Amino acid sequence: MTSQTATLGAPATSQDVQPVQQAPALEQALARPYQHGFVTDIESDSLPPGLDEDTIRAISRKKKEPEFLLNWRLAAFARWRAMELPDWAHLKIAPIDFQALSYYSAPKSMKDRPKSLDEVDPKLLETYEKLGVPLHERAALAGVAVDAVFDSVSVGTTFRKQLADVGVIFCSFSHAVQNHPELVEKYLGTVVPQGDNFYAALNSAVFSDGSFVYIPKGVRCPMELSSYFRINAQNTGQFERTLIIAEEGSSVSYLEGCTAPQRDENQLHAAVVELIAHDDAFIKYSTVQNWYPGDENGRGGIYNFVTKRGLAAGRRSRIAWTQIETGSAITWKYPSVVLRGDESNGEFHSIAVSNHWQQADTGTKMIHLGKNTTSRIVSKGISAGHAHNSYRGLVRVNPGAAGARNHTQCDSLLIGPHCGAHTFPYVDTARGDAVVEHEATTTRISEERLFYCEQRGIDAQEATALIVGGFCQAVLEELPMEFALEAKALLAVSLEGAVG
Amino acid sequence: MTHTPPLLQVRDLRVQVGERTVLHSVSLDVQPGQLVVLMGANGSGKSTLGMALAGHPHYAVQGGQALLAGQDLLQLPAHERARAGLFVSFQSPPDVPGVKNNLFIRTALNAQHEARGQEPLDAFDFLASAKKAAKELGLPEAMLSRPVNEGFSGGERKRNELLQLSLLKPRLTLLDEIDSGMDVDGVRAVVALVQKLRAEGTAFIVVSHYLTMIEQLQPDAVLRLDQGCIAETGDLELARRIARTGFARAQQTVEA
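Protein sequence lines, in the order shown, are assigned to chains A and B.
Under this note's numbering, residues 1 to 500 are what the first sequence spells out, in order.
Under this note's numbering, residues 501 to 756 are what the second sequence spells out, in order.
Keep in mind that the hints were calculated from the coordinates and are not lab data.
Everything numeric in this text was worked out from a predicted model, so none of it was measured.
Even for Gly, the Cβ is constructed at its ideal location relative to N, Cα and C.
Hints may be right or wrong, so weigh each one.
[Said to hold, decoys possible] Stretch by stretch, here's where chain B covers chain A in the computed footprint (C-beta under 8 Å, at least three residues): (1) 183-196; (2) 443-457.
[Stated by the list, open to error] Label pairs and their in silico Cβ distance ranges: (3) A:R220 - B:A642: 47 to 55 Å; (4) B:E700 - A:R220: 52 to 60 Å; (5) A:V435 - B:G654: 45 to 53 Å; (6) B:A692 - A:T441: 36 to 44 Å; (7) B:E614 - A:P480: 52 to 60 Å.
Kindly produce the complete structure, drawing on both the sequences and the hints.
Okay, structure coming up:
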C-alpha cells in the first residue's frame, strides 16, 4: 500500500491553539500526489444513475439472490425513503444527489466468476499490482487469504480450500448468499438493523458486495483474513456489506484495507459491517483506510459514512476494533461493541489523521448490557492543515449491567494553527457501581520538541513522523504485524508537508 | 607555520529575543580541541549564544557572522547546522513522548551519516555502542529503551544530553549548565567525557558557574559575558576571581 466540490467555507480556528510562527519549511508542498490515483480502464457493466424499486430488483436479479433477500432490500428501501438525512455531526457535507449515482457496477469480464486466479482478467490483476496487492505473491509469502472486491463484484478468492479444511468460510458476501443463505438469513441485520440510521438503511437496500466470514466452534482461524476494495466507475456509490460470525470458542483476525482513484466528484462509501461473537469467541477487525482524501483545495475525495458494529453476544466474548483512518474527504463512523454477554469485552483503538481540508467525526460506542463487562477506548486524533477532527464516543451502562468498567483515553494532536480537534464524549450510566474513566489530552507538536529534534540533526519532516509515531504508539502496537509497518509509513505520508 | 582558521568564528553577533536585544556584539574564536568557559550573571545572554548559533526560532540574529569550519552557520536551517557538527545542549531538554531514546539517537546519527554520505547504522551495531556509552557515563541500560526524557529528573535529562553527545561526536559542543542537577559523580563523568572528546578534536564552549567543574576541565580560556558583550577574557584565574567576588565586583575590577 504504500499511499465535493463544495468549498468548506472559512476554516474555524482551533479552539486550543495559539498561532505558531510558521517555520520556513512549512511551505513544503501539501502532500505528495495521492499515489493510488488512477483508474483501471476496463468497461464497467453499470446500471444507469437513479434509485427506485426497479433499481433494487435489478441489483437483486443480477446477483441471482433468493427471495428473502430481495424482500429484505425492499423493506430497507421503504424505510430509507421515510428517513431524513442526519445532520448532527460536526461536519460540513455538500448535498448528495442520490438519484445521480449508479448503484451497480461490474467489470464486463466478470460475467462468469473465475475459478482460479489464472482465469482472472490480467488487467484486473494489474490493478492489484499497482495497489500493492500482488495476489499470488502476497498469498504465498504472507499466508494471507485475500478476497478482492473490484467495484461491486468479487474477483477471486484465494485459499478458500485451505480454510475450508478447518471449516472456515471466507468468501464474498454474494457467494455466501448463494452457498450459505441460511447463515446470511439468520444473522443479516441482527447487529445493524435496517432502520438503524439513514446510511445503514440505504446500504441495506442497495449493498453490492463485501466479505463473509464464518468460524466454526473451537476453531482459531489459522491465518489473518484480508480484503481490498476499490471504487472505480464514476458516480458509483460503494455499498459494501460484511458479516463475520465467530462461533463458540473460535477466533479470527480480519484486515480491511482500502484505496480509491482520484476523482473530481465526491464519492459515497456507505458500508455496513456486522460482527457476532458467541461464547468465548474473539473477533479482531483491523482497518487501514486510505481512500482519496480530496486535493489540497478540498475538492473531491471520498465520503466514508460507515456503520460498523460488533455484538459480543456470548459469555466472555471479545471484539476488538483497530483502525488507522488517513483518507477520505469526510469520515463518519463509530465502530461499536454491544456487550451483551456476561464478562464480555470490547476494545477500540484508533488513529484518525486529517490533513488539508479533511473532516472526521469518528469514535465508538460501548454499550454495556451484560454483567461484569469491560471496554477500553484509545483514540488518537491528529489534525493538520485546515482539517477538523472530532472524537465522538458513547459509553453506556444499562441498568442490568452490574460491575461494568470502561477506560477511555482520547488524545488529540494539532499540527499548525488552522486545524481543529473536538471531543464529544458521552457517558450515560444507569448504575452507581459502574467504573467509567475518561482521560483526554490536547497537544500541539511543540516548537520546543521540534527544535530539539532539529538540533540533533533530524529535519522537521522526520521529526514530525517520529513524534507522531510516538503519539500513536499505543494504537500501533495493537495492529497485526502486516499493518503496523504500512501504518507507520502511511502516517508519515499523510502528514508530509504539514509541519516545518 | 600556516595559520589554520578557527573551527568556530563568531564576529559581532547581535541577537534579539522578543523585544530585547540580549547580545549586542559577541565575537570569539574556538579552535578544534579547545575548551572555552563562558561565564556571566543571570540574564547576561549565556544561553542566548547557544540558542542563536543552533538556530532556535525565537532567537533573532540581527547582525554579525558565525562560521563553523568555514561554513556560514546563520544561513543554514537548524538541522543542517547540527549536521555540520554543532551540538548545543538544552538547559531544560524537553521530552519526546512515545519515542524511545535509542530510536531517537539512532535517527539523529543516521541523519548525520546521510549528510556525510555514509551508510545508515546497523541497528544492532548502534545498540552495542549505545550500551557501551551508557555504561561509561554510569547510566542504566534501561534508559535506552525509555521514551526520550519522559519522567526523567533534571539531572537525568542532562545525562541524556551527554549520552547523545558521546554518540553523535560533534565538532563543536556548547554545554549550557550541564552540571545543574548533578552530583559529584555525575560531574566527574561529564569531565571525563569532555576531555575524551576534546582529545579527539571536539571544541567546547561550556557555560557554567561551578568552579570545581571548571577547574577540572582545564579551560583554554574563560570569557565573561556582560551587557551582551564579551567584557573580559582570561584564564582559570578569572573564573576563580568571579567565584570569590561575584559578577558585580568583577565588573568594577575591570572598570577600575
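Now the hints, each set against the structure:
{"no.": "1", "hint": "183-196", "result": "violated (count 0)"}
{"no.": "2", "hint": "443-457", "result": "holds (count 11)"}
{"no.": "3", "hint": "A:R220 - B:A642: 47 to 55 Å", "result": "violated (35 Å)"}
{"no.": "4", "hint": "B:E700 - A:R220: 52 to 60 Å", "result": "holds (57 Å)"}
{"no.": "5", "hint": "A:V435 - B:G654: 45 to 53 Å", "result": "violated (36 Å)"}
{"no.": "6", "hint": "B:A692 - A:T441: 36 to 44 Å", "result": "holds (40 Å)"}
{"no.": "7", "hint": "B:E614 - A:P480: 52 to 60 Å", "result": "violated (31 Å)"}
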